[in-house]
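Chemist: Make a model of the complete structure from these sequences and hints.
If you read the sequences in order, they're chains G and L.
Residue numbers for the first sequence follow the numbering used here, beginning at 1 and rising by one.
Residue numbers for the second sequence follow the numbering used here, beginning at 1 and rising by one.
There could be a bad hint or two in this list.
Said to hold, decoys possible - Computed from the model, here is a short list of chain L residues facing chain G with C-beta under 10 Å:
(1) Val108
(2) Asp112
(3) Ile202
(4) Val427
(5) Ile446
(6) Val453
Unchecked claim - Here are the simulated lysine-lysine pairs, DSS-like style, with alpha carbons at most 27 Å apart:
(7) G:Lys262 / L:Lys167
(8) G:Lys80 / L:Lys252
(9) L:Lys167 / G:Lys80
(10) L:Lys167 / L:Lys333
(11) G:Lys340 / L:Lys107
(12) G:Lys247 / L:Lys226
(13) G:Lys185 / L:Lys226
(14) G:Lys80 / L:Lys310
(15) L:Lys309 / G:Lys80
Derived by calculation from the structure, the hints in this document are not laboratory data.
Glycine is no exception: its CB is placed at the ideal position from the N, C-alpha and C atoms.
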Amino acid sequence: MSDMLCPEDEAALADTLREAAGPLQIMGGGTRPIGRIAPAQALSTRRMQGITLYEPGAMTLVAKTGTSIEEIEAVLAAEKQRLAFEPMDHRAILGTSGQPTLGGVIAANVSGPRRIQVGAARDFALGVTFVDGTGQVLSNGGRVMKNVTGYDLVKLMSGSWGTLGVLTEVALKVLPVSETQTTLKVHVTTWADAVACMSAALGTPFDVSGAATVQAKDGGFDSLIRIEGFETSVQYRACELTQRLAKFGAVDAVVDPWAEVKDLAAWADLDTVWRISVRPTDSLNVIELMQNLQQDRGFHCQLDWGGGLIWLGLEAAQIADAQAGLALHQALQRRVAQLKGHATLMTSGILRDQDLCHFQPPERTIERVSQSLRKTFDPRGVLNPGRMS
Amino acid sequence: MEMPQPNAEILSKKAKVSAALRAVLPYDAVIDDPSETRAYECDALTAYRCPPMIAVLPATTQEVSDVLKICHHEGVPVVPRGSGTSLAGGALPTADCVILGVAKMNKVLETDYDNRLIRVQSGRTNLSVSGAVEEEDFFYAPDPSSQLACAIAGNIAMNSGGAHCLKYGVTTNNLMGVTLVMMDGEIVEIGGGYLDASGLDILGVICGSEGQLGVVTEATLRILPKPEGARPVMIAFDSNEVAGACVADIIKAGVLPVAIEFMDRPIIEICENFAKAGYPDCEALLIVEVEGSEAEIQDQLDRISGIAKKHNPVELRQSQSAAESAAIWLGRKSAFGAVGQVADYMCLDGTIPVSALPEVLRRIKELSDQYGLRVGNVFHAGDGNMHPLIMFNANKEGDLELCEAMGADVLRLCVEVGGCLTGEHGVGIEKRDLMETQYSAEDLEIQMAVKDVFDPGWLLNPSKVFPLSVSQSRRAS
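Modeler: This is the structure we're talking about:
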């Protein structure tokens, strides 16, 4: 494959797409090689950089998509603001290097633990400009907080993994940084108690902004409950929550664990990782399936979003061979389909050469509509073909 | 406002279509007597009226599917209707259409407090969704001012907002899934109890598509625990500019109120005369509401008051009780009714960057002088969603047209300063012909191409959203 194409601006990108003779692999910083990646000419937005507008008083930031998340977060931090949806950095679990970009975060709809309270990346995207598969420059949405003018293609572009167009500029809603945060750790003995504890916390009026559960060293589980805001308010809510959650296990305040929860840095050496989204209480059904299938081999598991987001991981030694890995993957997607959720294979060494669905196979009509939308935006099929399968 | 000529061939099939519909629906769910179809001749944009050919009131998703199959087969346009509260003419019929009303579909299908969601049929009213979960101290956050009457179906079609969206987001941020019936009758589930789409975010494009892509019959909605309490502070200023600067400072300070409402002098005066809310004599009034425990509320109100005092307010009144809160909100909540008492009015809905607020208010005043029509401004200042109310006399020849022309100028101004035509009401027919001021021909083409995917025959609510001249070839096909 020839060198990566890195157009400098929208016009050059449009020319490139118009003239594309074959499939292109679209990327920002290349830190999220998730999904089916067919051999193709690589095209990155990384040279299209810069924050074009930032109005802290209007909570709005507009930037070119090649701008790094690091730069955006630094500029926001200087005004005590942030990307409230807390985008995950996938470099640890995927073993990638490079800089995560705004375009990548929106194209993959990447959020973190605070998604449960404030919404996903797609909820913070106010407007997009992109180049479709024919080289047309198109815009949708705008830079204001409320906008129902025409169809919401901003949502459609978010999480479309570059299959509908190459994003060139995104307008974002940003939010103030909280004055302080406190995280309570509730030590529980079963996954069921963990999910019940997180549900109970999220069912209070105390504005929980993170609810995750990690495996503890003693074989039990630590449910982590985050509260953010002004100092006195956080103290008050921490106190109220401590009382209400004590019935699930011992409650302690802990040092901010959320970077670890968000990026799963401790999972860097695992061979295979799945990301599963279900109704929070259904996470127990998925865990039960894994327990049955893995028995003595064991598996790694972390719950986020109150149980609605399940991270499952296997060490190389926890999978017998590729056939067993494939069977496990298919069993997971089948069970998750019954639960009406979705399971994505994020990375796997052992399954690298297997023909499988990385993303949850969609229902028939959704698949037909999706294919039809892709054909509309990219009639020649040059943009990340097959990526979301 | 122009509407397409009704199709004579379709009108000639009325008896046949009625009979086919009666074969799949209970007799009284098909309304085809002209004296009765008149009940569906308009929505809340009452300046435009046209009785439909037929109205149907299905009670189940399957019945909706059956209706759409028949209309699809016969080539009859369908205009979906929630409660008919659209201010943009989203549910305005054409003479050759079938109105598909979801009013009978108002059941709660499931409440799930552990997972903080509710599933309802789409004809259920917004407020009654909150009502269904109130006893467990939960609520549904989006709160359009028509929430007593408006249906979830219409909320989804228009991606409705409300005063409290600054904190909780609009419909799209609180919608987890829908059951959608496509124009050919196919029933499809999109989203559900989980977060984020597994493939393309089709739910995201359905929400706000003004009933042009399919008919939503059921919805899964996020519900939230009710805050412990809420209280507002009222802050009066002697200029719009200063009030606007105060809003920006509150946001920059990291306080995120649930609502920041703004009223200008004409509205303050009209509301005060109408509701006797005790508003001071001033140019601009902010109502800022915060939530939490009693101590948290007091802390936030003190922070906001501290910021406001740097801007030398004419008056600052923190509510100390439920009665005082009600008094502060009384005028704001009766604003539309109060203006309706003194004049006919047109309610605009453009959104602007908050930083452009003083300039836009000044230029609206200039337009008001130029057109000789009074304008009051009442709006959600935290997110820049304006609601200029242009007052006119419907009985005076040419006044409606004058008002519409001025409204168009105000909306062009919103786009010019970096905003948009509509923040929460939708395009409907009202802003249809202004779409080209916000979007290029290519931007509109791709949106129409999305409709082609869902409804290739352009039978669903066809004469809305896009300028008639732009959608002409598709509608005629």
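Chemist: For each hint, tell me whether it holds in the structure or not.
Modeler: Verification of the hints:
no. : hint                : in the structure
1   : Val108              : violated, 17 Å
2   : Asp112              : holds, 8 Å
3   : Ile202              : holds, 6 Å
4   : Val427              : holds, 6 Å
5   : Ile446              : holds, 5 Å
6   : Val453              : holds, 4 Å
7   : G:Lys262 / L:Lys167 : holds, 23 Å
8   : G:Lys80 / L:Lys252  : holds, 8 Å
9   : L:Lys167 / G:Lys80  : holds, 18 Å
10  : L:Lys167 / L:Lys333 : holds, 19 Å
11  : G:Lys340 / L:Lys107 : holds, 22 Å
12  : G:Lys247 / L:Lys226 : holds, 23 Å
13  : G:Lys185 / L:Lys226 : holds, 24 Å
14  : G:Lys80 / L:Lys310  : holds, 21 Å
15  : L:Lys309 / G:Lys80  : holds, 22 Å
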